[in-house]
Amino acid sequence: MLWVTELSKSFGGLNALKDVSFEVAPSEIKAVIGPNGAGKTTLFNIIAGTLRPTSGSVAMDGTEISGKTAAAIGMAGIARTFQQPQVFTSLTVMENVMLGANRFHKCGTLSSGLGLGAARRAEKDLHEIAEKWLAFVGLDDVFQRQACELPLGQQKYVEIARAMATGSRVLLMDEPAAGLDDTETGELGELITRIRGTGMTVLLIDHHIDFVMSLADSVLVLNFGQWLAEGTPDEIRNSQAVIDAYLGSTEDA
Amino acid sequence: MKTSLSDNLAAAGPASAASSASSPFNRELRRHTLSAGAFLAVMLLVPAVFGTGYYLNTLNFVALLALPTLGLSLLSGLSGQLAISHGAFFALGAYGSAILSTNLGITPLLSTVLAQVIVVLIAAAIGSVVLRLRSHYLAIATLSFAIIVELLIEEARSLTGGMQGMLGIPPIDVGFMELTSDLEIYLLYWPITIVMLWFALNISSSGVGRVLRAVREGEPVLGSLGIHAPRYKIGIYILSSIYAGVGGSLYAHFVGFVTPATGSIMFAIEIIMVLALGGFDRLWGALVGAALMTLLNEYALGFADFKRIILGVGLIVIMLVFPRGLLPGLIDTARHWFARRAG
Amino acid sequence: MTSNIPADLIQIVMTTLTVGCMYALVAVGVALIYSATGVINFAQGEFVMLGGMTVASLYGQHDWPLAAAIAVALVVALIYSAVLMLLTTAFAARMSLIGVLIITIGASIATQGVAAWIWDSDTHRFAPFSGDEPFRILDATITPQALWIIGIGGVSIMLLLWFIRSTMMGKAMRACALDRAAATMVGIPVRWTILMSFVLSGMLCAVGGIVTTPLTTIDANGGMLLAIKGFSAAMLGGMGNIGGALLGALLIAFVETLAVTFSSSAFKELPTFTIIILVLLFMPRGLLGRRGETGLHHEDLTQR
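Quick note, the sequences are listed as chains Z, F and X, same order.
In case it helps, the working numbering puts the first sequence at residues 2 to 254.
In case it helps, the working numbering puts the second sequence at residues 22 to 364.
In case it helps, the working numbering puts the third sequence at residues 136 to 439.
No wet-lab data here; the hints were simulated from the structure.
Certain hints may be false.
[As the list claims (entries may be wrong)] Selected chain F positions facing chain Z (in silico; Cβ < 8 Å):
no.: 1; residue: ASP28
no.: 2; residue: SER44
no.: 3; residue: PRO45
no.: 4; residue: ARG52
no.: 5; residue: ALA57
no.: 6; residue: PHE60
no.: 7; residue: MET64
no.: 8; residue: ASN223
no.: 9; residue: SER227
no.: 10; residue: GLY228
no.: 11; residue: VAL232
no.: 12; residue: ARG234
no.: 13; residue: ALA235
no.: 14; residue: GLU238
no.: 15; residue: LEU246
Yeah, the Cβ is synthetic: ideal placement off N, Cα and C, and Gly gets one too.
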């Protein structure tokens, strides 16, 4: 589904990422973990298109996507969530999710302004998509509220519903469990499993080890910007290299 | 690689609630049609009840001021941008249609439409350059554009008549009848204005309006959803300029003459003032603001120097006291006051 | 047109410098306020108008001594800059950028109206500082006032640059421009620093108005076009960058001078604005602009 090949990124001579290669299979949950400064966020930003790689490539289904703008990558079918939820605060929850589905809205200004049948149908479809994904994440009872009125945890769910509504095939999640307590983290894990159940490929980065290990099909460990280990959660747990790296740092292992 | 609409619907599984038969957009459309239709009916009844009189002339000027303001309200209320070019597009609409109908003998209704083609081309050129930048660039660029238009109109004497302006612009004719009396103009211009209000209301409730309201909060997030924000901003800027252009063309065929003052910077600022009176995010407010401003123009602001002082100080005071505009500010204040009395 | 190339060249250079000095003073004024507050001050040209009109009225019509008239003009500019600072920052602390912009537009036309009411809408000028008699270098005609403009304008900008680079207050201004929150934390009096930016900006433009009025004349409505030239120069150079503003001002003056020399003066604005649009199209951050200038921030008209 997603191929990352010899990806490198340096900031003024400092190698944030060096020759990292891996592959994400369709409909799997892949997690990237590593101590602080391991290059997780850099990797994420390159795939999401907010940073350009120094060298190497990211490809999706054989199409090169590295170096494209964030909007082009979004258009290519890779959706993302943010570490701090970025909902549109002055819009309702429903409108937020409808924006996710906006690419299915093919109607222009003229038919919208005249209220033609095509525009009405397009709006109805968007509304239906948004309704379904809000039900999917369990927010169908608050859809008329302003997004800014929701607590942080629910804003994350709005963001996930919005990302799902884009109809993308890959979902990038930037530290989805950040700021959540144990119960909420558990619920989020369940939701991500259900997301995979829809056929979505999920790539997430997090340093919540327990959360990641219970969830992921495959885990990639980065250390100082380099590939350290890759495998199933069990293999990672027993890997001497990973244990050394984590014991050598002050990370919450 | 992305999924189709039906795949997307299927992937979410069956919806828990039965999906509503009519979407909110349908309801909004119906509401706008009803309110605009009721308003139109009232406006058409006015001359039947009160007869003809000078007041119809004043109401015609209200409509002509409301049109550019509706355009600016679409732009500022949805995307949060400010343009100072609506006076210039009013002038382009006015001079464009005047030149086409006077010099080339094109029938005024057609010349009005052709003038909008010029407006669209220029607005598209400005918009595509400037709207990729931060919002104050639009204000500066459109102000420069407005000054160029003013200078060009004054200098291109052979075409525009220079400072003297153009006289003898033919009135609009429908079939065999020329519309010359205030009543005839009223019966054509108010329906046009109300239809354009209805169109603007629909846009603001539509998907286009939703994207634009989101643009204000953050383009990068929209980008990650595969939405190209500048395209929407350019689109709304063009549409908003057409409102000003139509207003200008109709103005020229109503009063029969145009001068450089028609589309001056002062007029552009007057439009911003009308917007500040009626509220920056209320389309209906544009009509209220236009009515207020026309009354002020008629009865209080004859002398140019004082008009500038009053407009300038008025803008400052409204912005400082009611940043969303005078009318919404007063409504909010009244609501608070009643709530406190009741509770 | 004579085919006296060296004389033409001198003429073009002198005109560019004279006009460029005026634009540079306005552009640097715009950049000062912009980098301190993020506000685009549409009333920037009114400083120039107030400076020129005050001296034209007191010295030109009421026969005050020149020095006294200039002093009064600078005091007027000082008060006006403080009022603008209060209107755009102190009273409008939580307002959107566009809201502040509308306030400066209001201030601009109200000032024009007041000026036209106190004086009139006619053009004014007063006697040049050292006579009207032009002198010639290789057939190029140069008025003494042009030298005054270049001299005083140049010295004012040098003084400003020295002030910003070398004094404590100037360093505080630069700190505020870079990061206002951090500046507050290290104890810089941000409010005073912003006031200082407004005052310096106003003074520069008033000085510009005083030195140029004998040559170019001034009227109550003349500020707006100058303000636009100032924005354009500041934008060309890269908003908020003082060196860029200088460069932009000279470039605009040069293009205008060429347009006036080789075609009719009626259309001198066209090539200028064409160049500005081209620069914005291909270099949205201006010639010397910093990166990160074009990103869209929270700019909302209708939300507090």
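Right, here's what the structure says about each hint:
1. ASP28: OK, holds: ASP28 (chain F) within 8 Å of chain Z, min 7 Å.
2. SER44: Nearest chain Z Cβ about 4 Å off; hint holds.
3. PRO45: Result: holds, 7 Å to nearest chain Z Cβ.
4. ARG52: Violated - the Cβ of ARG52 (chain F) stays beyond 8 Å from chain Z, reaching only about 11 Å at its closest.
5. ALA57: Where the cut-off is 8 Å and the nearest Cβ of chain Z is about 11 Å from ALA57 (chain F), the hint is violated.
6. PHE60: violated, 17 Å
7. MET64: Because about 21 Å separates MET64 (chain F) from the closest Cβ in chain Z, which is outside the 8 Å limit, the hint is violated.
8. ASN223: This hint holds: ASN223 (chain F) lies near chain Z, its Cβ roughly 5 Å from the closest one there, short of 8 Å.
9. SER227: Status holds, d = 4 Å.
10. GLY228: holds, 5 Å
11. VAL232: Holds - the Cβ of VAL232 (chain F) comes within 8 Å of chain Z, reaching about 6 Å at its closest.
12. ARG234: With a closest approach of 6 Å, the ARG234 (chain F) hint holds.
13. ALA235: holds, 5 Å
14. GLU238: Holds - the Cβ of GLU238 (chain F) comes within 8 Å of chain Z, reaching about 5 Å at its closest.
15. LEU246: holds, 6 Å
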